Amino acid sequence: MQTTDGCIVCRNMWWDSEGICRPYTEKDIGAREWIHRGSTVLSIIWVLILFGFTLYEMTLRIKYLGGQKKELVPFINFATHNIFNMSIPAFVLLANVRHLRMDRRRLRRVEGFRWWKALSIRFIVRRLQHLEMRNRRMPHKAFLIICLVWPLFNGMYSLILFVTRLKSSEETVVSLVFSVLCMIVWGVFCYLVLLLRLSFLQQQRLELGFLWRHAGKLDVCRRQLSMYVEDLGCLRQLVSGWIIVVVAVSSWAFSSMLYWEYVVISSRLKVKRDYFFEFNFNLWSTNIMFLSLPLLAVGGMELKGMWSRFKYSISQMRSESHDAFWDKILAYCEERSPTTRVKMLALMVSALGLFVGLHLSVEDQDVNMPIQNELFTLFYHINSSSS
Numbered sequence: 001m002q003t004t005d006g007c008i009v010c011r012n013m014w015w016d017s018e019g020i021c022r023p024y025t026e027k028d029i030g031a032r033e034w035i036h037r038g039s040t041v042l043s044i045i046w047v048l049i050l051f052g053f054t055l056y057e058m059t060l061r062i063k064y065l066g067g068q069k070k071e072l073v074p075f076i077n078f079a080t081h082n083i084f085n086m087s088i089p090a091f092v093l094l095a096n097v098r099h100l101r102m103d104r105r106r107l108r109r110v111e112g113f114r115w116w117k118a119l120s121i122r123f124i125v126r127r128l129q130h131l132e133m134r135n136r137r138m139p140h141k142a143f144l145i146i147c148l149v150w151p152l153f154n155g156m157y158s159l160i161l162f163v164t165r166l167k168s169s170e171e172t173v174v175s176l177v178f179s180v181l182c183m184i185v186w187g188v189f190c191y192l193v194l195l196l197r198l199s200f201l202q203q204q205r206l207e208l209g210f211l212w213r214h215a216g217k218l219d220v221c222r223r224q225l226s227m228y229v230e231d232l233g234c235l236r237q238l239v240s241g242w243i244i245v246v247v248a249v250s251s252w253a254f255s256s257m258l259y260w261e262y263v264v265i266s267s268r269l270k271v272k273r274d275y276f277f278e279f280n281f282n283l284w285s286t287n288i289m290f291l292s293l294p295l296l297a298v299g300g301m302e303l304k305g306m307w308s309r310f311k312y313s314i315s316q317m318r319s320e321s322h323d324a325f326w327d328k329i330l331a332y333c334e335e336r337s338p339t340t341r342v343k344m345l346a347l348m349v350s351a352l353g354l355f356v357g358l359h360l361s362v363e364d365q366d367v368n369m370p371i372q373n374e375l376f377t378l379f380y381h382i383n384s385s386s387s
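So in full-length UniProt numbering, the last spot in the sequence shown is 387, and the numbers never skip.
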């Protein structure tokens with residue numbers, strides 16, 4: 001076994017959950033059967049279909065609801081769901097295109113924090129190796145069940161509501177089926193983010209042990225930390241952008257729902273459709289799901305707390321014999337910090353302020369939210385009449 005400084009750090013890239021170097025190949029992890037010449041194209045096609053269809057549905061809503069002030073509240077609520085549904089396919093699509101533009105050698109030379117690297121299959125496999133799922137099985141199974149059952153319930157509830165209670169067209173059913181698929185993808189992505197976060201928590205214990213064993217070897221420890229920091233920074237870039245979208249869009253969704261409830265209660269109007277309460281429950285459940293699952297997966301608004309605890313653990317290992325060494329390690333952690341402060345409160349206030357600035361009034365709003373069947377029927381009727 002080679003013992004040069006570079007090899008010590010490189011071997012640690014193959015760490016498992018116990019800190020044992022276990023190199024693996026694509027055949028060892030069962031990926032060889034799934035990798036072929038068309039796998040890259042297929043990985044783009046499926047997200048492109050989901051993204052394209054959701055974007056198309058959103059353009060219909062903008063065309064037939066965007067210009068009507070009385071339909072502004074239902075338009076905002078429908079649009080937020082579309083944004084959530086196409087956000088994950090958009091992230092995956094952009095990451096796949098970025099990986100296509102770079103071969104494997106160039107990808108390894110790319111330094112710095114790049115969010116699209118966190119969606120690389122090699123990045124994910126390397127991170128999951130720290131969880132040792134072969135022996136310990138899937139961690140947090142309860143959260144996995146929630147991530148699968150809750151989106152499926154909301155999507156199927158909406159599908160059943162429109163099919164059984166309303167005379168829905170085939171276009172509406174197809175739209176709802178794609179919505180169910182996008183929600184399931186959303187839930188799976190939330191669980192993946194949780195697994196990645198847990199892998200970094202598990203690796204922190206190994207990193208601290210490495211620093212303790214190699215105290216005094218500044219260059220070796222800096223190289224070791226740089227690998228950990230770069231991976232964590234890539235995930236932080238992805239998570240920060242995702243959470244910003246989630247919080248901003250959710251503020252609009254909850255604002256529109258609260259305003260809708262206020263209009264219904266204050267105006268004392270009788271709801272025209274008997275499905276109002278079922279529809280209301282479905283919207284609230286979906287909005288809460290889109291906000292709560294990402295926050296639970298990330299463990300809050302960002303990953304700053306995890307990095308702060310890591311630095312605190314390093315400071316606890318200080319010893320008088322290597323006091324200068326630990327000072328330089330902590331300084332290096334500050335210099336290469338993978339986290340940045342995201343002003344979430346300002347973002348939420350600005351989003352809510354913009355919504356309030358629309359000067360909506362009770363008289364201008366229709367408490368009966370339009371149904372998808374009406375949108376598609378109107379669209380096809382206009383197209384057929386114009387032709």
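Source of the hints: derived by calculation from the structure; they are not laboratory data. Treat each hint with caution, since some may be false.
[Stated by the list, open to error] Label-pair restraints from in silico Cβ distances:
hint, residue 1, residue 2, range
1, 62, 258, 18 to 24 Å
2, 208, 62, 47 to 53 Å
3, 100, 209, 22 to 28 Å
4, 317, 124, 19 to 25 Å
5, 299, 44, 26 to 32 Å
6, 101, 300, 43 to 49 Å
7, 324, 284, 18 to 24 Å
8, 316, 218, 44 to 50 Å
9, 278, 300, 32 to 38 Å
10, 156, 245, 21 to 27 Å
[As the list claims (entries may be wrong)] Below, simulated BS3-like cross-link-like pairs (lysine-lysine); rule was C-alpha separation at most 30 Å, straight line:
hint, residue 1, residue 2
11, 328, 304
12, 217, 304
13, 217, 141
14, 141, 328
15, 217, 328
16, 328, 311
None of these values were measured; they are calculated from a predicted model. No residue lacks a Cβ here, since even glycine has one placed at the ideal position from N, Cα and C.
Quiz item: Do residue 101 and residue 300 keep their Cβ atoms within the hinted range of 43 to 49 Å?
Solution: This hint is violated: roughly 33 Å between Cβ atoms.
Quiz prompt | Satisfaction of the hinted span 18 to 24 Å by the C-beta atoms belonging to residue 62 and residue 258 | solution = holds, 23 Å
Quiz item: Taking only the CA atoms, is the gap from residue 328 to residue 311 under or equal to 30 Å?
Solution: Measuring from Cα to Cα gives roughly 12 Å; hence the hint holds.
Self-check item: Assessment of proposed distance window 26 to 32 Å (beta carbons of residue 299, residue 44)
Solution: This hint holds: roughly 31 Å between Cβ atoms.
Quiz item: Is 19 to 25 Å a correct range for the gap between the Cβ atoms of residue 317 and residue 124?
Solution: violated, 30 Å
Quiz item: Per the hint of 22 to 28 Å, is the separation of the Cβ atoms of residue 100 and residue 209 within bounds?
Solution: This hint is violated: roughly 38 Å between Cβ atoms.
Quiz item: Between residue 217 and residue 141, does the CA-CA distance stay at or below 30 Å?
Solution: violated, 41 Å
Quiz item: In this structure, is the beta-carbon distance linking residue 156 and residue 245 contained in 21 to 27 Å?
Solution: For residue 245 against residue 156, whose Cβ atoms are near 25 Å apart, the range 21 to 27 Å holds.
Quiz prompt | 30 Å limit on alpha-carbon distance, applied to hinted pair residue 217 and residue 304 | solution = holds, 27 Å
Exercise. For residue 278 and residue 300, compare the CB-CB distance with the range 32 to 38 Å and indicate the outcome.
Key: With Cβ atoms ~33 Å apart, the hint holds.
Quiz prompt | Pairwise hint evaluation, residue 328 against residue 217, where the allowed Cα distance is 30 Å at most | solution = Cα-Cα ~11 Å, so holds.
Quiz prompt | Distance restraint hint 47 to 53 Å, applied to the beta-carbon atoms of residue 208 and residue 62 | solution = holds, 51 Å
Against the hints set out earlier in the document, violations occur for numbers 3, 4, 6, 7, 8, 13, 14.
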